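Asker: Please take these sequences and the hints and turn them into a complete structure.
Residue numbers (this note's numbering), protein chains in the order written: chain A, 1 to 202; chain B, 203 to 656.
Worth flagging that the hints you see were computed from the coordinates, not collected in a lab.
All figures in this text were calculated on a predicted structure; none of them were measured in a lab.
Each hint should be verified, as a subset may be incorrect.
To give an idea of the interface, some chain B residues facing chain A are shown, with a C-beta separation under 7 Å as derived from the structure [said to hold, decoys possible]:
{"hint": "1", "residue": "ALA241"}
{"hint": "2", "residue": "SER332"}
{"hint": "3", "residue": "SER349"}
{"hint": "4", "residue": "THR358"}
{"hint": "5", "residue": "ARG362"}
{"hint": "6", "residue": "GLY397"}
{"hint": "7", "residue": "GLY448"}
{"hint": "8", "residue": "HIS451"}
{"hint": "9", "residue": "PRO453"}
{"hint": "10", "residue": "SER455"}
{"hint": "11", "residue": "PHE456"}
{"hint": "12", "residue": "SER492"}
{"hint": "13", "residue": "ALA608"}
Each residue gets a CB set at the ideal place from its N, CA and C atoms; glycine is no exception.
For reference, the chains in residue letters:
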Amino acid sequence: MSPFPQPLASVAAPLLQDNVDTDIIIPSREMRFTGRTGLADGLFAPWRYSDADNRTPNPDFVLNQPAHRHAAILLGGANFGCGSSREHAVWALGEWGFRAVLAESIAPIFMSNCLRNGILAAPLPRPVLEALASQQVRIDLAAQTVQAGGRTYSFAIDAEAKEMLMHGLDAIDLTLQQSSEIARWTCQDRQERPWVYLGQVR
Amino acid sequence: MPRSLFAKIWDRHIVARNPGGADIIAIDRVFLHERTGAAALRRMAEQGRSVRDPARVFAVMDHIVDTRPGRGDGTLMPGGEGFITQTREAALAAGINLIDVNDRDQGIVHVISPELGVVLPGLTLVAPDSHTCTQGAFGALAWGIGSSEAEHAMVTGTLRLSRPKTMRVTFTGALAAGVTAKDMALALIARHGSGGGTGHAVEFAGDAVSALDVEGRQTLCNMATEFSAMTALIAPDEQTFAYLSGRGHAPASFEEPYWSTLHTDHGALFDEELTFAAAEVEPMVSWGTSPSQAVPVTGVVPHGPARAHEYIGLAAGQPIAGVPLDAAFIGSCTNARITDLRRAARLLRGRRIAPSIRKALVVPGSSQVRRQAEAEGLHTVFEAAGFEWRMSGCSLCFYAGGEGFAQGSRTISSTNRNFEGRQGLGVRTHIASPETVAASAVAGVIADPRELAR
Ligand code: SF4
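Answerer: This is the structure:
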C-alpha cells in the first residue's frame, strides 16, 4: 500500500447527501468478478449514468462535471458508506483515484475498509464540508488539518490508523510481528475455553 | 467493579494492548459467504498466507445462489457462477469448513450459524457481512467487517480494534398483541435515527427483550447495523442455552459456571442508555429509502428529504396504510426463520393474495427451516395463497442483477433495507414484519396485520 501523500492536494468533490450507502457507491450488479479491480466503471453507477446499461453519463452528477473529474477528495453527508460491508465500495473509490473521504459521519465498517486500503476517512462538521465543496483543498495528515481558502480546520483520527496511513503499513504484517504473543494467549485459552477450539474440518 | 456483558467478552479476548490505542482482540470464529468470501480467500492465497486455524472458519453459499428448486451452481446473476465455483475452490484449498449450495445445512449465514452451534455465548465472531450483528442475539460479540479484515482475522486469529463505546437500550413492559421484534427495531431506528448507535456496541435489555424467543431476538439484533451500531447483543438465558445445547459445534451442556457469568452486572455503567416503553410500539412500516424513515402502519407519511419522497412516490401527509402494492417478499436474515413463517402462514391460511400482487415469494432462511416448514405443511399454505415457495438463500433481499422485482414496482418486504434499488432497479421497498407483509399481500395495499388477525 502506498503511503498517504503528504500533503494531499486536490479539488474536493461534494456529494453532500445523507445515507449514501455502499449499494449506491458500487451496486451489487456491478460486482461481476471476485477480484478487487475493474470496479471504477461501476462506481456510483445508479447516479453517474442516466442509463447504466449503455453507460450514458448523467451530466448533472458531480463526478461527471469537468471540475471534479480528477478529484482525489470526496465530501459526503451523514452516515456515509452505510449498508453492505462490501469492501468493493472502497476498492472502486480507490481505483477511481480517491485518497480521502471527508463526511459529516462515516459508517464504521466503511471507515475501517477505507483505512485498510490507504484511504483517509475522517468526520468533519457540515459547515466545514460546505466550505470545502469544489475548493482546492490540502490535507496534511501529520498535522491532522484540512486547508482551503486560507482557512485551516482540524480533524480527528485514531493514532494507529494515522500511523498506518502515513507509512502505508499492512495491518496483517504488523500483527504477525506479535505472533508469539498470539500463540501464547491461544495456548492458555485452549485450557480455559476448550469449547472454542473445534476438531478437524469434516 | 460491575461490568457490562460487552466488557466481559471484550476483556476476555484481549491478546495485547498497543500503545497506538488499538487492542489486539482474539477472534473465535470467522464466517464467509460467496459474495465477499472468495475475494478474501483469494487475496490471502496470492499473498502466500494461510488460515491459522481452518477448523474455526466457515464458508456458505447463500447470497447469489439460485433459489428455484433443482438448483446447481448456475445462478440468474450474470457472472454469478464464478463467485460460487471460486469460493468453493478457495475454501477447499484453504481447508476451511464449507457448506455448499445443496448441503442439507445450507442457508443464510446468520440463520445457519446458530442452527449449527457455530455461534456461542461469549464468543467473538466476525464475517464480511454487515448483518453479522444478528448473532449477538446469543450473547456473542458478533460483527460485520470488510474483506481485508476477514483476511486479517483468518491469518492471525485476531483483529486490531479500538474499543467501541457501549449503549444499553432497555425495552420496558410488554409488547401489545400483533407487535413483533421487527417493529421494535424499526421503532428504535425511526426514533433515534439511522446514526443513533454509531460507534457503540448496543446491549438490548428489559422485560420485552427477555420475553422474545431466540428468533425474535435475532430479528432485533439484525437491524443494529441499520442503527449504525458496531453490533448488538443480548445476554444469554435458559432459553438461549436450551436452544444451543448439543447442536453441531456447540457443547452438549452449558452447566459449567463460566456460562452463568455472561450477563451485565447490576450497576454496570454504559456510555449511553436509552429506554423505550414496549407498549408504545405499533406495527411499523417504512415509507422512505432509509430504515429510519418508518412510521406506525396507522400513521401518515411525514415530511422527509425531497429525494426520498421522489424515489418512493409518496407525499407527506398521506396515510401509509392503503398504499397500493405490486409485490411481496418474505425472506432474509431478519425474518425468515420458522416462527416468522408460522406467523405469516397463520394469516394466510385460507386466503389469497390480491390480484394486483404480481410477484410474491417466500424464501426460507435456511434449508433446515425449509424442511421444518414443509413438515408442518406451511408451504402448502403459502402456495395456496399465491406465494412461490423457494429454496433457501438471500434471494431478493438484495438485487444482484438477474432476478429482481419489476422496475419501479412497489414491494412489501420482511427484509432490513429499503435503500434505492436494493430489490431491483427503481423498486420501492417498504420493510415490515412478516405479519404485515402477509396482511398487505392479501389486501393488495399496505395493511395493518392486527385487522386480519381479528
Ligand atoms: S438476507 Fe439480505 S441482509 Fe441478510 S445476509 Fe442476505 S443479503 Fe444480507
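Asker: Please go over all the hints and tell whether each is borne out by the structure.
Answerer: For each hint, the structure was consulted:
no.: 1; hint: ALA241; verdict: 5 Å, holds
no.: 2; hint: SER332; verdict: 4 Å, holds
no.: 3; hint: SER349; verdict: 4 Å, holds
no.: 4; hint: THR358; verdict: 5 Å, holds
no.: 5; hint: ARG362; verdict: 6 Å, holds
no.: 6; hint: GLY397; verdict: 5 Å, holds
no.: 7; hint: GLY448; verdict: 12 Å, violated
no.: 8; hint: HIS451; verdict: 6 Å, holds
no.: 9; hint: PRO453; verdict: 5 Å, holds
no.: 10; hint: SER455; verdict: 10 Å, violated
no.: 11; hint: PHE456; verdict: 9 Å, violated
no.: 12; hint: SER492; verdict: 5 Å, holds
no.: 13; hint: ALA608; verdict: 16 Å, violated
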